Structure formats: C-alpha cells, structure tokens
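Below, each chain spelled out in residue letters.
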Amino acid sequence: MEHQPPPFFRTGPTPLVRLLIFSTLSLALLVADARLKYLDTLRQVASVIIYPLQRIASAPASIVHRASEFFVTNTSLRTDNARLAQENLAHASQLQQLNALQTENDHLRKLLNARSRLTARTTIAEILYAARDPFSRRIVIDQGSQNEVQAGQPVVDGVGVVGQVTRVYPWLAEVTLITDKGHLVPVLNTRNGLRAVLSGTGNDGALELKFVPLNAEFANGDQLVTSGIDGVYPPGLPVAEVSNVERNAAFLFARIICKPLAGVNHHTQVLVVHAQQSAPERPVEEEKPFKAPPKKARRGA
Amino acid sequence: MMQALGAHEILLPVRPAFIALTLVLAALLNVVPWSGWAMWVRPDLVALVVLYWCIWQPRRIGFATAFLLGLLMDVADGALFGQHALAYSILAYAGIVLHRRVRMFTLTPQVVHVIPLLLLNDIIVLAIRGLAGADFPGYRYFIGSFVGGALWPLISVLLKLPQRPRSDPDHV
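Just so you know, the protein sequences line up as chains A and B, in that order.
Under numbering that gives the first Met the number 0, the first residue of the first sequence is numbered 0, with each subsequent residue one higher.
Under numbering that gives the first Met the number 0, the first residue of the second sequence is numbered 0, with each subsequent residue one higher.
It is worth saying that the hints were derived from the structure and are not from the lab.
Computed from a prediction, not measured in an experiment: that's the story for all the values here.
Glycine is no exception: its CB is placed at the ideal position from the N, C-alpha and C atoms.
One should not assume that every hint holds.
Distance ranges between label pairs, derived from CB positions [what the hints assert, rightly or not]: (1) B:Leu24 to A:Asp229: 28 to 34 Å; (2) A:Val44 to B:Leu160: 44 to 50 Å; (3) B:Thr107 to A:Ile20: 52 to 58 Å; (4) B:Leu24 to A:Arg194: 27 to 33 Å; (5) B:Ala149 to A:Asp229: 29 to 35 Å; (6) A:Ala84 to B:Asp134: 55 to 61 Å; (7) B:Ala63 to A:Gly235: 50 to 56 Å; (8) A:Asn80 to B:Ala19: 50 to 56 Å.
Which bits of chain A does chain B cover? Going by a derived footprint, with three or more residues having C-beta under 8 Å, they are [to be verified]: (9) 35-49; (10) 182-189; (11) 196-205.
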C-alpha cells in the first residue's frame, strides 16, 4: 500500500497525478511531432545541448581509428599506392574522354537550346556514428546547417548513392540510408532504360524493386542508376545492382532484390551533394470558370 | 547471507552534483556509437540510472528529470519526440511507487524487479514505434533489458560508494 504522507509535509501532487501530467505532455509532444511537425525549434535546442555529449562519445572510436591509421604497414601502403596509381591512370584516360564529351555535350545542348545541367557542389562530411537504433538505418554526419547542408540533399560516396539528408541540426545532420525501410529512390535500368522505384528493406545488404510487372526485363547484374525524375537525386548516380529476380505467377509483381553499390555501412567519409534543382515549374492547372459562392449561410445564427 | 545494501546501514546524504554526474555519464554512454551485435546487447543505461535514483532518492529525482532525459535521448536517436520521455516517465513512476518495496530486498531479488521494469520501458518505445509504422525488430531487441538487469548489482554498488561513511580510524 502506498503510504500517505502526513498533511503537514508539502510533497506536491501524488505520483499518479504527476505520471498523468507527464505522460499527457509526452503524448502531446508525440502527436505534435508526428502529425503537425511543430517541434523543429525544440529539437534544434535539444540537439545543441546533446552535441558535446555526442562528440565526446564518438571520440574513442575515432581515436582508435586514427591510431590504427598511424600503424599501417609498409606493404599495405605500397599496395595502396600501386592500386591508386593504377586507378589514377584509368581515370585520367576517362577524364580526357569526359572533357571531350562534355564540350561536345555543351555544344549540342546549346544547339538544342536546352538548359545546361548545373554542376553540383559537394561537401565532404565525416560520419560521426550510425544512429543507435535498431529500427532504422540512419547515420549522423558532422556537417549541418552551418555548412549549408539542407534536408533533402542526396549523400553519395565514391561508388554510389548512400542516402538522403533528412534532418539538419546546426552542426550535425541525419542521413537516412537507402537501406532504410521507408526510403525510396527512383531508378533507371542502364541496360534498357526501364524505370522503377527502389525501396529499402531495413536489411543492410538488400534493396527491393517495387511494383515491377512480372514480364519486365530485369536480369541479375543489371546496374541501376538514379533516374532523377523525383527532383531529389541528380540523375545518373549509380545506386544498386540487381542480385536476384524471382518471378512467381501467383503474385502481381516480380520480386527483385538488389545489392547497394555504395558501402552503406562501412565508411568514414561521404559527400553531400548540394544539388541545385533546375526543374521547370509545374504547369499551372487551368483555371476553371469559378462561380461566385453563394452567401455563406451562418450556422446557428 | 548477504545484507541488503543500504537497507540496514546508515549512509551519508547524496550530493546533487553526484546524481547529475551519473546521469550525464549514463547519457554519454548511451550515445556512444555501437554497431553490429553490440547494438543489440547495449542496455539503456539512462533508464537504469534513472530507475536507480528513483528508487533510492525519490525526493530528488523524479518525473521532471526522467522526462527531460527522455527528450534528449529522442533527439540523439533522431526518433519521434516524446517516446523516450513517455517511457522514462512511466519508469520513474514505477520506481517511485515501488521504492519502499524494492529497498527491502537484497541485490539479487532487486534484479527480478528491475528487469520487468526495463522490459516495460522497451515495450513502450516499441509500441510507439509500431504506431508510427515501424516493423517489429525481432526478439533480440529485448536482450538489452536483461543485460541492464545484470548490470544492476554493479550499478548499485558503484553509485552507493560516495555515500558510504568513511571508516573511523579511532573507532575500535
């Protein structure tokens, strides 16, 4: 039995009353956050409070990382160097081709009077930690609104798309990975130009193509790149490779599993792309002839 | 037989600065980036320490502290605002209501009280996530609570250390 304090000690409301007050408050916060999105300022304030904690907490990991970098062996450096030199050579030849192609492309675009694509600016960001949350695939990077990172910007690594900035704090930003369950990327099959929507599964190594008809031509090994029709991801970034196609006539859609190209889980650095969207305005809907509304009948008056 | 810690001994009053320090340390350890299997066995240390102080110092630590720490954890997780706040508030309520009972027991039976409370904490977070549209992450999600329960004796001893009276050398 709960022991009631004598009335001459002022102890405030009973625990049950306090519980009701605080749970109502948190439920109100939940609803306000989930439905109304009013709480961004509050979140910013709290993030500033917890920022030093996060930096301190991720310090040991980065110290260990740096220490292990310091003790690299001679052979690994040599092999790295040889590999990089080789890659550099390969890239140099591609770059020359690219330059030629770019000038040619610019010329053609001018001829076509087309809008030339803006070259995207990028910011290098370091991954502070992967969100300690088994429910979602997110990482936190060390660039925030102070570095002009904005929500919605795509994040890539050297190989392909990693994810998308979903929430920005002053010095941090949260990136939802493409493997997150609720995350969708519109993609294009480079082999035949088929468009589809790539969805995360919540598993690290698997993505799924959604709503692809049974007879659509996808095969193992097909490369998927962003199609750019969503206006978020710039077109042409490699995203994934088809790894398994399962066609079962019992279902409406084919089940196509893909493997993400970017090392979504093991990175220390990523690039945030400040993609400037130059999409044309949406066509304005034709105004319908508008009848003047009848005078409002006041209810209850 | 082991004596119930603190139940039959006279302790020094706890310093508020020490309570604050332990809570900050717990929050710090909670935001340490874990990955892989460590993410699953990681106990919610903030919940554990809040529960400890609610049981041993219910006059000092209560709903407001639990609520604010919950909000901080929500931001650190990037989760919906208020889910940890709600879970920790309910945990604080359980701690405050049960504090006289739990204090009667030795450390081992205390663990039996603590584990269900931590599980309740997990289930509340899970339920809110579920309502927001997340999938059930599997039963290994609950491992952390059992690890937290296993840490309870250690935490009890550690957090009580500054309150132990110094042994008097003149005393025979």
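These are the hints, each one checked on the structure:
no., hint, in the structure
1, B:Leu24 to A:Asp229: 28 to 34 Å, "violated (44 Å)"
2, A:Val44 to B:Leu160: 44 to 50 Å, "violated (34 Å)"
3, B:Thr107 to A:Ile20: 52 to 58 Å, "violated (35 Å)"
4, B:Leu24 to A:Arg194: 27 to 33 Å, "violated (51 Å)"
5, B:Ala149 to A:Asp229: 29 to 35 Å, "violated (47 Å)"
6, A:Ala84 to B:Asp134: 55 to 61 Å, "violated (46 Å)"
7, B:Ala63 to A:Gly235: 50 to 56 Å, "holds (52 Å)"
8, A:Asn80 to B:Ala19: 50 to 56 Å, "holds (51 Å)"
9, 35-49, "holds (count 7)"
10, 182-189, "violated (count 0)"
11, 196-205, "violated (count 1)"
Consistency with the previously given hints fails for numbers 1, 2, 3, 4, 5, 6, 10, 11, ordered from lowest to highest.
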